[in-house]
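Peer 1: In case you want the letters, here they are:
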Amino acid sequence: MQKSLFLALAGVTGIAVTATAWAQNAPGGNAANGKMLFEHVGCYQCHGFAGQGGAAGPKLVPALEFEPFALQLRMPRQLMPPYSPQALSDQQVADIHAFVKSLPGPVNRANVPLLQ
Amino acid sequence: MSKPEAKKVDRRKFLAGVAVVGAAAVTADSARAAVLPNGQIAPVAPSALRPSTLMAQVDNGVHAPPAALGTHAGLTQGRPGSDYMLDVIKSLNIDYVVTNPASSCRGLHDSIVTYGDNKKPELITAMHEESATAMAHGYFKASGKPMIALCHGTVGLQHAAMAVYNAWCDRAPVIMMIGNSLDATQRRPGVPTTHSVQDPGSLIRDFTKWDDQPTSLGHFGESMVRAYRIALTPPYEPVLIVMDEDLQEKGFAADAFPVIPKFVMPTAAAGDPNGVREAARMLVAAENPVIVADRAARSQNGVNLLVQLAELLQATVIDQGGRMNFPNLHPLYARGGGPIATADVVLGLELTDFFGTVNNFTDSAEVTQGPRVKPGTKLISIGMGDVYIRANYQDFQRYQPVDIAIGADAEATLPMLVEYVKAEITAARRAVIDKRGQAAAAAFANSADRMRTDAAGGAWNATPISTARLSAELWAAIKNEDWALVARDQSVSFWPHRMWNFSKYHQYIGHSGGAGVGYGLPAAVGGALAHKANGRLAVNIQPDGDCMYAPGALWTAAHHNIPLLTVMHNNRAYHQETMHLQRMATWRERRVDRWKIGTTIENPNMNFAKLAESMGVVGIGPIENPNDLAPALKRALEVVKSGEPVLVDVVAQPR
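These protein sequences, in sequence, are chains A and B.
Following our numbering, the numbering of the first sequence begins with 182 at its first residue and continues without gaps.
Following our numbering, the numbering of the second sequence begins with 278 at its first residue and continues without gaps.
In case anyone wonders, no lab produced these hints; they're calculated from the structure.
Ideal placement from N, C-alpha and C gives every residue a C-beta, glycine not left out.
Among the clues, some could well be false.
Unchecked claim - Listed next, the stretches of chain B that the computed footprint assigns to chain A, with coverage defined by at least 3 CB atoms under 8 Å from CB atoms of chain A:
#1 522-536
#2 731-743
As the list claims (entries may be wrong) - Not close to chain B: a few residues of chain A, all C-beta gaps over 12 Å, as computed:
#3 208
#4 212
#5 218
#6 226
#7 246
#8 247
#9 248
#10 250
#11 252
#12 271
#13 291
#14 297
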């Protein structure tokens, strides 16, 4: 588990090191559990059930790579609530990431008359 | 209430239809108000005359009342005061009075429906005073004409208060009228006395422009016309007139009614030419001027003037959406605050929140705040905020220092600003300005493409239905009609303002102003009532939580045959609060799975189609599959085109 390393994110100097260290040992994610968490924890509140984004949060698809994704959850850039390890374990973050990665991209606009 | 006099009518005479009122039955008041010592009737309202010996005698009741006060007096001897009140209202050309019926207003209510034959003004029945007020609010923004919200004193006004605050923040001239009983010896004991109050206006005085409680008919005439004129002098704001019950119900000599004071439509205050010229110089000299508009346009003329100014300067216009200020498909249109960061001059037009426009404030565990503009950016404000401001309620927002502050109405000042800008533009500046315009056009073309890609994003075929899909299907259904959106589109992530084509002032109603929930549905019904006169298709995108504050507004729409297409944005939550709860839990490092408690509207799920049906509104849905939307909207359009309201319940994504 990288929990301790994540806690170190609070220290400014630790950020780059931590993200890299975790990348090497990133826990494998379970997308099905990630979907459950995405809804249960409430990521969809701001990002939509399909990660499509809206007025309260940006689109999540195509998904970020794991490190920047995890970093955004632990130490959001701006307005997003910060999910500490107490709220979401490293494994849970990995599961959510796996789910977001599995989300389908946009439909082909060419096939949608309303979007011409 | 002057019932004792009524009892003096001879019963046999009354039954014979010849209840001529004798001198003894005349109240001193009614005689004093009307009859000059020479026996003639006073031709004008006493207050409109300079004091004279003659008038003083009349006022002091020195002279005897006339022998007869007219015929058809009824049990109330003479004509009821509320008939005069209605005459005054009629003189103001008011089309509708929306009311939740109230005993304290029974005099005027009766006058409207009998003496006035319920025509101009026509009575509209609301199911809550808050709804009545919000209807008048929405009606004004869609029609440009004030409507009266007639409410019970005390408890009725207490109900209405939040909606009055919305109207205040939104600069909407709602004419509030309530009843009250002043004379403790005359009012009915029990509830009517419980509902009486010494100073009714105090309840909403912090957020109304003016109020009065007239004690004579002449006083009523002056105050009503004054209130109307004040409300319609920019900045438009709500006003309150309190009608004493006794004054409404008491009988007056037919010719004792005072002359109705004349109303003229007031004009707005334009800016001082020196300040405006200085602003023009600054704007023309700027490398990257940005115009920000909130409640700037008050009419189509305001929109046209803003387009003219923007094109002269090729300046981006950020429309904050308090009103329809600028066409959203114009290449210079912007919605978010992005362009502010690169501006060197910002012109704010009737901004509610200049501070928030040029500063960041992050609602995070550790609040961060700071300027959003580059150092040295010059700020110009044109607006009535400095001219008319009240303490207590903080709707005036934080103080923002600026470089030029023009205390004037923006729409009234724009013609002058346009002329000064024209005069300041040299050939050299023209070249710079044109180049800026080309860059803006290119950026705009990209944004249109980005919009389509975003709309097609992962949720296009999703259930719950995405707000982009909802907005696109709705647009496809209405775009060939003469439509108007009588709702704000924030909850659906502003998709209509990204996809649809807003070019006319009347096509967008702006938002509530005070963000008091429960405004949406009744304001939409009020807006739809206004659009009905022009045969326009009024469209409401209705959040579910807001709907349940005032669902009775649906009944009003059905009862009065007000065509309105309501499409529910049913995300089954007070959704904004879910996000606040998420913030609290994460900041405190507590469980992040408890936010549903107290914030969601599920289990059981609301069935809005059935709710609508229960009130005589055609209900369609719930629609959960995006492919069912188009046929549902097609059917809905048929209903609304037949002149009836319809509601389509769409179970949708949160934002």
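Peer 1: Look at each hint and say if it fits the structure.
Peer 2: Hint by hint, here is what the structure shows:
1. Only residues whose beta carbon comes within less than 8 Å of a beta carbon in chain A count, and the stretch 522-536 of chain B has 0; fewer than three means the coverage is violated.
2. Here the stretch 731-743 of chain B counts 11 residues with a CB under 8 Å from a CB of chain A, which clears the bar of 3, and the coverage holds.
3. Against chain B, the non-interface label of residue 208(A) holds: every CB pair exceeds 12 Å, the least being about 19 Å.
4. Consistency note on residue 212(A): stated as away from chain B, and its beta-carbon is indeed over 12 Å from all of that chain's, at 14 Å minimum.
5. Listed as a non-interface residue, residue 218(A) fails to keep its Cβ farther than 12 Å from every Cβ of chain B; the least gap is roughly 9 Å.
6. For residue 226(A), the condition that its CB be more than 12 Å from all CB atoms of chain B is violated, with the nearest at approximately 5 Å.
7. The beta carbon of residue 246(A) is kept farther than 12 Å from every beta carbon of chain B, the shortest such distance being approximately 18 Å.
8. With a least CB separation of 19 Å from chain B, residue 247(A) remains clear of the 12 Å interface cut-off, as annotated.
9. At roughly 20 Å from the closest C-beta of chain B, the C-beta of residue 248(A) stays outside 12 Å, upholding its exclusion from the interface.
10. Here residue 250(A) stays apart from chain B, with its beta-carbon at least about 16 Å from theirs, past the 12 Å limit.
11. Residue 252(A), annotated as away from the interface, keeps every beta carbon of chain B farther than 12 Å; the closest lies near 15 Å.
12. Every CB of chain B lies more than 12 Å from the CB of residue 271(A), the least distance being 15 Å, so the non-interface label holds.
13. Residue 291(A), annotated as away from the interface, has a beta carbon of chain B within 12 Å; the closest lies near 10 Å.
14. The beta carbon of residue 297(A) is not kept farther than 12 Å from every beta carbon of chain B, the shortest such distance being approximately 8 Å.
Comparing the model with each earlier hint shows violations of hints 1, 5, 6, 13 and 14; every other hint is respected.
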